[in-house]
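**Q** Given next are the chains, with one letter for each unit.
Number of protein chains: 2
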Amino acid sequence: MSDLLLPSTFGSVVLNRTERGNPAEGIEYKSDNSLDYKSLLPAQCVVKLAYAPINPSDINVLEGTYIRRPPALPATAGMEGSGVIAFLPENSNTECVDQYGSKLTVGDHVVGSPWNWGSWAEYAIVETNHLRIIPKSIDLKTGAMMCVNPPTAYGLLESAKEGDWVIQNAANSGMGQAIIQIAKARGIRTVNIVRREGLEQDLLDIGADIVVVYSGDNDFIEAAENVKEQTGGAKIRLAINAVCGRSGELLAKCLAPGGVHLTYGVMSQRPMTVSGGQLLFKDITYKGWHLGKFQAQKEKFKDMWTWLIDTVDKGKVTTSVIDTIYNLNQAKEAVKHAHSSNRTGKVLFRCDKTLS
Amino acid sequence: MSDLLLPSTFGSVVLNRTERGNPAEGIEYKSDNSLDYKSLLPAQCVVKLAYAPINPSDINVLEGTYIRRPPALPATAGMEGSGVIAFLPENSNTECVDQYGSKLTVGDHVVGSPWNWGSWAEYAIVETNHLRIIPKSIDLKTGAMMCVNPPTAYGLLESAKEGDWVIQNAANSGMGQAIIQIAKARGIRTVNIVRREGLEQDLLDIGADIVVVYSGDNDFIEAAENVKEQTGGAKIRLAINAVCGRSGELLAKCLAPGGVHLTYGVMSQRPMTVSGGQLLFKDITYKGWHLGKFQAQKEKFKDMWTWLIDTVDKGKVTTSVIDTIYNLNQAKEAVKHAHSSNRTGKVLFRCDKTLS
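Residue numbers (our numbering), protein chains in the order written: chain L, 3 to 358; chain D, 3 to 358.
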């Protein structure tokens, strides 16, 4: 393995702030010379990054509102991405395995576990047990978006069984679409709440069973009746809530007795009203859900990953539609675009300038 | 066993209505002649009732607002009580065992599992497996109140371990006091929220660790700070909520991250506000709790019962203080009194007129 393949400096998008503020103002594109690959620890390697998305959680990190913060500043931004193994330390073959024990070789395609590296960069030093090998038959753009949304969707749906009905709001978001596709692949039926008309056909096309419009204001009972009618009064035992406020309350209203109401987002930035009757008579449980909780269940998470690689590889689940691809030196522009409502899919970084 | 011990008619308090209304108007004292003890099934027996309390849940049944309703009308009212085995069918010794397999004998002191009989009567035909023998060393007045509050308190506290802190509201109610005593007996520390000053010493006397006044209106943050100060910032992982509204929200505010918020009552008749932050960042779970759920876990419930009999018998847990004892033919007056705020303990029926 020749060192010559590795550059002495490379570009990265660096976060310098943890207090609250405008997301695009928190970052800077920099030329980095910290890639000291001669001092790699035995269980580390160098990844040449391919693509990395801008997720809502990345935006929240940049604006200082996320549940987790970088361990120290400056920190390379970006929480997931795809890449190629560029360098492995010599004489340490036994330690060079990915998270699930597969031997790593230079040239392997890998994706990164969130939280453990900054993916908005050309290169990164990564602990090998934070990486997972993906088949070369999976496109690296698709691979770049496999680590956050699909596992979150799978985990949120974990308690549902084939044939069950679930209900979600924000169904046209990237996460909403991942939930629809993964539910479909697992034989779970979905009721999908969206805020405006015109999105129905797109969601039905990717596997939604029912789409109901609820603007969040005055047609609450009508929306609940609409759900009841379209499902034939089926018992819905799981609600997946990204919005809170009235939209989160609508999901509770539609749940069957004994149902579980899982919140993973607060897009409305409004609280929910919970009545004693819903807790006592309807026996609804309200919980929050976060990917970290699911990742901590290592065996279940591994089973999910095996299933996901196979399902994505077969084309049964596709990751988000891409709106625009930016180079890393366009970081501020890319983040502004990702933060706007003026897009129809994911904004991605092209970390490797030689890719299309 | 002589039939002569049993009367051909006896008094009972009968419920004739399931629609909503004034609790005292829903009942009538009647002379009953339905005690056909000659046609007892092998696993039935006749209990001569001693005492039966008027619980809040009884009031809710009478006013038509309870989670459960009598299977048919007219129904004898009353959901718990104590009594003495008066008659067992002959030639069926093998079936004559109580809920936990102890052989029943005429003269045994028993208490009844809620839901399965009308306890506001002089006599009742009961399935033997709905009864539990209690030692004769336990007073029958105490026994009459062992089946609802103490098991509910024990079940609500089930997830807490020795040394843990829990927080509850309505701490001066019968249930609140049961929670304080059972927590104390199990080494669990309690923060007790009450609505008005002057109750502190009574609750400290029965084992409360901390009592904090919160009127439900304007001193929310002050009350939370008060809890924090008095517990030395201890992590409170369980909240037991009988009130909902702002009082229920105060419990959530005082919970540590990952805590569980259990609702068993809605005394304020107001809903609670739940923020996305409480679900996502504080990872609070909100659930309802009902005695029926705990009873369905038969082994755990049996262990509780063994513990409870021993603990009550040793005087470590006492059931509620008694305000007044009424005869069954004073039923309307007794229910009015129990339904008023003008009392300092339980209202009990004396079902057996020969008792004091």
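Careful, some of the hints might be misleading.
Identical copies carry no separate label here, and so any pair may be met within one copy or between two of them.
Below, simulated DSS-like cross-link-like pairs (lysine-lysine); rule was C-alpha separation at most 27 Å, straight line [stated by the list, open to error]:
no.	residue 1	residue 2
1	Lys255	Lys289
2	Lys300	Lys284
3	Lys284	Lys302
4	Lys295	Lys163
5	Lys186	Lys318
6	Lys304	Lys186
7	Lys289	Lys302
8	Lys230	Lys302
9	Lys304	Lys355
10	Lys105	Lys163
11	Lys237	Lys289
12	Lys334	Lys143
13	Lys304	Lys289
14	Lys186	Lys295
15	Lys338	Lys304
16	Lys255	Lys284
17	Lys334	Lys237
18	Lys300	Lys355
19	Lys334	Lys316
20	Lys138	Lys302
21	Lys289	Lys163
22	Lys302	Lys255
Quick caveat, the hints were computed from the structure, so don't treat them as lab data. Predicted model only: the values in this text are computed from it and were never measured.
**Q** Now tell me if each hint is right for this structure.
**A** Do the hints match the structure? See the list:
1. Lys255 <-> Lys289: both (16 Å within a copy, 16 Å between copies)
2. Lys300 <-> Lys284: between (33 Å within a copy, 23 Å between copies)
3. Lys284 <-> Lys302: between (30 Å within a copy, 24 Å between copies)
4. Lys295 <-> Lys163: both (20 Å within a copy, 23 Å between copies)
5. Lys186 <-> Lys318: Only inside one copy: lysine 186 and lysine 318 sit 9 Å apart there, 56 Å across copies, limit 27 Å.
6. Lys304 <-> Lys186: within (21 Å within a copy, 44 Å between copies)
7. Lys289 <-> Lys302: both (20 Å within a copy, 25 Å between copies)
8. Lys230 <-> Lys302: Close neither inside one copy (33 Å) nor across copies (38 Å); limit 27 Å.
9. Lys304 <-> Lys355: For lysine 304 and lysine 355, the Cα distance exceeds 27 Å both inside one copy (32 Å) and across copies (68 Å).
10. Lys105 <-> Lys163: Neither: 34 Å inside a copy, 45 Å across copies.
11. Lys237 <-> Lys289: both (19 Å within a copy, 19 Å between copies)
12. Lys334 <-> Lys143: Only inside one copy: lysine 334 and lysine 143 sit 21 Å apart there, 75 Å across copies, limit 27 Å.
13. Lys304 <-> Lys289: within (23 Å within a copy, 30 Å between copies)
14. Lys186 <-> Lys295: within (24 Å within a copy, 33 Å between copies)
15. Lys338 <-> Lys304: Neither. Shortest intra-copy (35 Å) and inter-copy (62 Å) distances fail the 27 Å Cα cut-off.
16. Lys255 <-> Lys284: both (10 Å within a copy, 24 Å between copies)
17. Lys334 <-> Lys237: Intra 46 Å, inter 42 Å, cutoff 27 Å: neither.
18. Lys300 <-> Lys355: neither (35 Å within a copy, 65 Å between copies)
19. Lys334 <-> Lys316: neither (35 Å within a copy, 72 Å between copies)
20. Lys138 <-> Lys302: The answer is within: 24 Å in one copy meets 27 Å, while 53 Å across copies does not.
21. Lys289 <-> Lys163: both (19 Å within a copy, 22 Å between copies)
22. Lys302 <-> Lys255: neither (31 Å within a copy, 32 Å between copies)
Comparing the model with each earlier hint shows violations of hints 8, 9, 10, 15, 17, 18, 19, 22; every other hint is respected.
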